[in-house]
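4 protein chains.
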Amino acid sequence: MRSPSPPPLAEDARVARSREALRAALLEMLEREPLERIAIRDLARRAGVGHATFYRHYPTKEALLDDIAADEIRRLVSLTLPVLDRADSRAACAALTRYVAGRWQLWRVLLTGGAAAALKEELLAISRRVAAERPRPARDLPEDLAVALAVAGIVELLAWWLRQEDPWPAEQVADLLDRAVVGPAARGRAPPRGEAAVGP
Amino acid sequence: MRSPSPPPLAEDARVARSREALRAALLEMLEREPLERIAIRDLARRAGVGHATFYRHYPTKEALLDDIAADEIRRLVSLTLPVLDRADSRAACAALTRYVAGRWQLWRVLLTGGAAAALKEELLAISRRVAAERPRPARDLPEDLAVALAVAGIVELLAWWLRQEDPWPAEQVADLLDRAVVGPAARGRAPPRGEAAVGP
Amino acid sequence: MRSPSPPPLAEDARVARSREALRAALLEMLEREPLERIAIRDLARRAGVGHATFYRHYPTKEALLDDIAADEIRRLVSLTLPVLDRADSRAACAALTRYVAGRWQLWRVLLTGGAAAALKEELLAISRRVAAERPRPARDLPEDLAVALAVAGIVELLAWWLRQEDPWPAEQVADLLDRAVVGPAARGRAPPRGEAAVGP
Amino acid sequence: MRSPSPPPLAEDARVARSREALRAALLEMLEREPLERIAIRDLARRAGVGHATFYRHYPTKEALLDDIAADEIRRLVSLTLPVLDRADSRAACAALTRYVAGRWQLWRVLLTGGAAAALKEELLAISRRVAAERPRPARDLPEDLAVALAVAGIVELLAWWLRQEDPWPAEQVADLLDRAVVGPAARGRAPPRGEAAVGP
DNA sequence: CTCTAATCGAGACGGTACGTCGCGTCTTACG
DNA sequence: CGTAAGACGCGACGTACCGTCTCGATTAGAG
Numbered sequence: 001m002r003s004p005s006p007p008p009l010a011e012d013a014r015v016a017r018s019r020e021a022l023r024a025a026l027l028e029m030l031e032r033e034p035l036e037r038i039a040i041r042d043l044a045r046r047a048g049v050g051h052a053t054f055y056r057h058y059p060t061k062e063a064l065l066d067d068i069a070a071d072e073i074r075r076l077v078s079l080t081l082p083v084l085d086r087a088d089s090r091a092a093c094a095a096l097t098r099y100v101a102g103r104w105q106l107w108r109v110l111l112t113g114g115a116a117a118a119l120k121e122e123l124l125a126i127s128r129r130v131a132a133e134r135p136r137p138a139r140d141l142p143e144d145l146a147v148a149l150a151v152a153g154i155v156e157l158l159a160w161w162l163r164q165e166d167p168w169p170a171e172q173v174a175d176l177l178d179r180a181v182v183g184p185a186a187r188g189r190a191p192p193r194g195e196a197a198v199g200p
Numbered sequence: 001m002r003s004p005s006p007p008p009l010a011e012d013a014r015v016a017r018s019r020e021a022l023r024a025a026l027l028e029m030l031e032r033e034p035l036e037r038i039a040i041r042d043l044a045r046r047a048g049v050g051h052a053t054f055y056r057h058y059p060t061k062e063a064l065l066d067d068i069a070a071d072e073i074r075r076l077v078s079l080t081l082p083v084l085d086r087a088d089s090r091a092a093c094a095a096l097t098r099y100v101a102g103r104w105q106l107w108r109v110l111l112t113g114g115a116a117a118a119l120k121e122e123l124l125a126i127s128r129r130v131a132a133e134r135p136r137p138a139r140d141l142p143e144d145l146a147v148a149l150a151v152a153g154i155v156e157l158l159a160w161w162l163r164q165e166d167p168w169p170a171e172q173v174a175d176l177l178d179r180a181v182v183g184p185a186a187r188g189r190a191p192p193r194g195e196a197a198v199g200p
Numbered sequence: 001m002r003s004p005s006p007p008p009l010a011e012d013a014r015v016a017r018s019r020e021a022l023r024a025a026l027l028e029m030l031e032r033e034p035l036e037r038i039a040i041r042d043l044a045r046r047a048g049v050g051h052a053t054f055y056r057h058y059p060t061k062e063a064l065l066d067d068i069a070a071d072e073i074r075r076l077v078s079l080t081l082p083v084l085d086r087a088d089s090r091a092a093c094a095a096l097t098r099y100v101a102g103r104w105q106l107w108r109v110l111l112t113g114g115a116a117a118a119l120k121e122e123l124l125a126i127s128r129r130v131a132a133e134r135p136r137p138a139r140d141l142p143e144d145l146a147v148a149l150a151v152a153g154i155v156e157l158l159a160w161w162l163r164q165e166d167p168w169p170a171e172q173v174a175d176l177l178d179r180a181v182v183g184p185a186a187r188g189r190a191p192p193r194g195e196a197a198v199g200p
Numbered sequence: 001m002r003s004p005s006p007p008p009l010a011e012d013a014r015v016a017r018s019r020e021a022l023r024a025a026l027l028e029m030l031e032r033e034p035l036e037r038i039a040i041r042d043l044a045r046r047a048g049v050g051h052a053t054f055y056r057h058y059p060t061k062e063a064l065l066d067d068i069a070a071d072e073i074r075r076l077v078s079l080t081l082p083v084l085d086r087a088d089s090r091a092a093c094a095a096l097t098r099y100v101a102g103r104w105q106l107w108r109v110l111l112t113g114g115a116a117a118a119l120k121e122e123l124l125a126i127s128r129r130v131a132a133e134r135p136r137p138a139r140d141l142p143e144d145l146a147v148a149l150a151v152a153g154i155v156e157l158l159a160w161w162l163r164q165e166d167p168w169p170a171e172q173v174a175d176l177l178d179r180a181v182v183g184p185a186a187r188g189r190a191p192p193r194g195e196a197a198v199g200p
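In order, the protein sequence lines correspond to chains A, B, C and D. Using this note's numbering, the final residue of the first sequence is 200, and nothing's skipped along the way. Using this note's numbering, the final residue of the second sequence is 200, and nothing's skipped along the way. Using this note's numbering, the final residue of the third sequence is 200, and nothing's skipped along the way. Using this note's numbering, the final residue of the fourth sequence is 200, and nothing's skipped along the way.
Bear in mind the hints are in silico, worked out from the structure with no lab data behind them. This one's a predicted model, so the numbers in the text were calculated from it and none came from an experiment. Some hints here could point you the wrong way.
As the list makes no split between identical chains, a pair holds if one copy fits it or if it spans any two.
Derived SDA-like pairs (lysine to any residue); straight-line CA-CA distance at most 25 Å [to be verified]:
no., residue 1, residue 2
1, Lys120, Thr53
2, Lys61, Glu36
3, Lys120, Arg14
4, Lys61, Arg45
5, Lys61, Pro167
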């Protein structure tokens, strides 16, 4: 025999429905306005949900954003950090850009919409946490600075990419990323002048 | 977006006193909490000023921050952009870090306190505006991306520097800046591996 | 306004158990707090019953109170009204007080606990209804006023009695009732001065 | 010379205006619905006042009712209690009914509208408090019971009077009051049977 | 050294959004 | 079918700040 509550963590269908509606509504609204100007009641109304139901699931708007983004961010971070360590950073960069390309719509909203600032903070915070637990490879730059520069650069570059109407291919962006952001952050060196131009 | 009375010439002594009190109070408070969590009434109370007096001088908290930071930011930007263009970027970087070192306390609050996010936004916005009016030098990277990466990198690096308890000398930071941020952003190239380490 | 299922005949044993638990819980709670501050969920919890179960049996807290008190009230009213009409009002009063004395605990809660106000309303309403259907004896006072005064007086006197730590005997209370409440309400006359004092 | 704040307690005109608007609105609404079903926001809206302004002046609806009724109640009580003590209770009763007649509209709302229950409670509470501080005249009935009966009776009688479409004259009501309520409560005696009928 | 007008503090006000509470209904799964 | 468990839509609650406003009192700074 098993426990009396039959599926111990199998969520009530209504719960899943409410959360999904809230997640979708937030993503919609973030395309139009910044997170801090979204009223929770409006969000709930758009989700077709009583506003108290919002609070039954999330304590704050940020928590809802987290519920949407946390996994994504963790995935991204797990692709981001190795970029600093691996010998072939170029391949790691390509893995990163391909991942984002595969989740284009979501990441476009997250990094160019009204939650961009919050997302950058979150990304940086998670990266720092993850980085602190890694073996710290010898590096020219202080570790924390390297992480900060890499994450900031990656975020700026991805945001720039996701804002494009006619986006560059992931491979080319990976090149950019490797040469203009990751390489310098990893090794603290500027490239020598006079190499061939990048760009479409 | 400074004072509502167009030319603040021939200022009443009371006006100057009120504004100064408000500026000082904001800087104090930013050391402890983020801009968005500072209530205007608390700010005014700490400044020893009626809360209506705040509104007589500034429409928003952001405007007050601007009044504090606008000149500083413009100065910083005027030192930042050339960094991307000048042949000896190393010298331009040194000018930048020396300037910040000379305003250490103020910039520490601005870039590491509760206004950091707002400041980054403002810096980036002003940089973009200024950059758009410059002659656009041939560059490997798209101009807007180069500016975004440079500004983000500079801000991160300065914030890292200003957070240090026992700060590096300006010259060494200028080195870092040149090699890990400015160079790559200007030329889109990572440094080759294997050069000498940086550090104190 | 009792149970939603029209005739509570052939009651399921579970139904009876639930209702009894709810009745007992309400009486307990009324000793401590006013009816309007008792949350239905708390009531159900104390009764060891799901809160939805409450609604299956009663539409409101008041309906539950009714289920507890309706018969009692009807009995009391059937003893109350004659008091105004019968020649020997003293005997009728004695019947009334003896009845209450026999149900002391229940009436103590009802008239001195958190339902006192509701109970008074209910008693008055039922009395009015019953009084309207009676033959209206010639009386000095307008009928509706006489009923109102008599009921209010009876209720106040009973409440006073039931609050006593060391209660008077029913016979003495019947005396009081007859002389200070029923007589005047029935005949609209104050007693002459100078008679013997009442009291234990 | 006098104090710097010219009128030390002369209230801000806006304050007086807001309170008056709230008082009027509450009285209006009490003619239609019970106090507990009046939402503070609706009350404020009807008063033409922001709902927060309500809270700036009163903590609860009951407090507003108090602000309206407290003086009136105190006045009424100061006329009510002597009724039990004075030799010519008839004259005291007349003073009482004349006072109510002079404030007809207000008392009609208070005792027959949605605040009737609250008002009765308040009247009884204040009466008890005042009575406790009086010299306790020798009486047939226990003091607390006498007060309870007198107040309950007065309230019922006034409510009955105020509900009349074509109200009896104050003098006749004073007669009723004296003979059916005050006399019995004061002396604990019913009037002898067989006297002349009262009525219009 | 006045006089007058700008500036001030104090704080009431109409609003908007907040997060909480309790309601009565509805859904799900058991026994 | 009655039940426990509990999510849900609803709507009032009381709070916190917002930005606007009026009110006298003060205090420059021009005459």
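A quick look at each hint next to the structure:
In the homo-oligomer, the alpha carbons of Lys120 and Thr53 never lie at most 25 Å apart, since the shortest distance is 28 Å inside one protomer and 36 Å across protomers. Taking the shortest Cα distances, Lys61 and Glu36 sit within 25 Å of each other both inside one copy (9 Å) and across copies (15 Å). Taking CA atoms no more than 25 Å apart as the test, Lys120 paired with Arg14 passes in neither setting, with 32 Å inside one copy and 42 Å between copies. Within a single copy, Lys61 and Arg45 get their C-alpha atoms as close as 14 Å, which meets the 25 Å cut-off; across copies the closest is 30 Å, which misses it.
For the homomeric pair Lys61 and Pro167, neither the shortest alpha-carbon distance inside one copy (30 Å) nor that between copies (37 Å) is at most 25 Å.
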